[in-house]
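Construct the entire structure; sequences and hints are all you get.
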Amino acid sequence: MNLKKNNIYPHITSNQKQQGFSLIEFLIASVLSMIVLIAVGSGYFIARQLNHTAGSRLDVQQDLRNASNLIVRDARMAGSFGCFNMATHTKVNALDRSTLSGNPAFQLVSRGGRTSDNLIPIRVIAQSDFTAKNFIPSSNALVFQYGIGSGSIANPTEEIPTNSQIVLSSCNSLVRPVSNELNNVISNNLVHLGNPGPDRRGDISVMQYIVNAYAVGTVGEQKGLFRFQLANDGNWGEPQLLISGVNNMAIQYVYVNNCPKDQSLTETFEFTDTLKTGADAVAPTLIRFTLNNNSINAERKVGAEANNVNVYTIEAAVRGGNTCANRTF
1 MNLKKNNIYP HITSNQKQQG FSLIEFLIAS VLSMIVLIAV GSGYFIARQL
51 NHTAGSRLDV QQDLRNASNL IVRDARMAGS FGCFNMATHT KVNALDRSTL
101 SGNPAFQLVS RGGRTSDNLI PIRVIAQSDF TAKNFIPSSN ALVFQYGIGS
151 GSIANPTEEI PTNSQIVLSS CNSLVRPVSN ELNNVISNNL VHLGNPGPDR
201 RGDISVMQYI VNAYAVGTVG EQKGLFRFQL ANDGNWGEPQ LLISGVNNMA
251 IQYVYVNNCP KDQSLTETFE FTDTLKTGAD AVAPTLIRFT LNNNSINAER
301 KVGAEANNVN VYTIEAAVRG GNTCANRTF
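Numbering (UniProt numbering), first residue to last: 1 to 329.
Simulated from the structure, these hints should not be mistaken for lab results. Do not rely on the hints blindly, as some may be mistaken.
[Unchecked claim] DSSO-like cross-link-like pairs, simulated, lysine-lysine; straight-line CA separation at most 30 angstroms: (1) 261 x 133; (2) 91 x 261; (3) 261 x 223; (4) 276 x 261; (5) 276 x 91.
Written as structure tokens, this is what we have:
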């Protein structure tokens with residue numbers, strides 16, 4: 001048998017090709033995978049940080065809107081007691097008989113001066129004189145006062161919470177009674193309301209006396225802009241945090257001057273950092289709050305310091321403050 005011609009074994013060579021990845025190719029693929037993983041991870045953390053920053057900024061903007069709404073409402077209501085508006089009356093038209101009026105912030109009429117002085121529904125309490133439970137002030141306090149509710153001689157308790165501080169008003173007189181007891185409160189104060197006849201007593205309003213204050217300071221370790229309300233016991237209630245992280249609050253007052261006597265002239269506006277008081281003082285037309293000096297931490301300790309909101313301004317008009325608007329030609 002010829003074995004060379006009839007070989008039944010397969011052809012075997014020693015030079016077969018390598019199958020799969022080489023070590024170098026595996027290392028390169030691993031490195032590329034790590035690069036992709038790092039890129040994806042970095043993108044995730046950057047997106048997460050941006051999301052936190054955006055969310056924190058939205059929180060701050062919401063706080064600012066809420067604070068602005070409260071301040072604007074208080075300024076608009078300041079001095080309004082039914083049809084009686086402080087901005088158009090003098091001290092002779094108002095009387096504070098309350099036994100809880102020791103704190104200057106709560107007095108319906110500021111002490112001193114002349115009875116012919118104008119009533120000012122806004123006042124400033126110096127930082128050293130503003131005292132509230134658990135609160136350390138770092139600014140002066142701006143105070144607004146007004147009345148709400150629709151109680152009357154027929155139903156004195158209508159819309160008036162029990163034990164609330166109260167005030168009585170007609171269109172020409174304003175009285176804060178000795179006590180908050182509603183029984184016979186109108187009959188006991190008729191003489192101080194101009195002693196109107198029976199047909200005019202229905203015009204007398206019984207209202208809840210509202211006093212709200214705004215100040216920057218600290219409660220515990222929380223620093224910010226706080227709001228305070230007159231409580232039933234004649235003291236400030238618990239501080240309400242409006243905006244955290246506020247270190248400083250600057251206030252400007254805008255007054256209208258030189259009311260024109262005809263349509264050819266234009267009034268002028270005066271900007272000042274001091275609320276006018278005393279003889280011939282009038283209510284401001286506009287109040288401008290400026291929260292500044294890196295006072296609002298928009299990121300709540302997330303992200304770079306450069307992203308902090310540095311300045312925010314709230315402007316609030318005072319009802320009756322623009323005396324030129326009441327003129328007639």
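Hint check:
no. : hint      : result
1   : 261 x 133 : violated, 50 angstroms
2   : 91 x 261  : holds, 27 angstroms
3   : 261 x 223 : violated, 49 angstroms
4   : 276 x 261 : holds, 24 angstroms
5   : 276 x 91  : holds, 16 angstroms
When each numbered hint is compared with the structure, violations occur for hints 1, 3.
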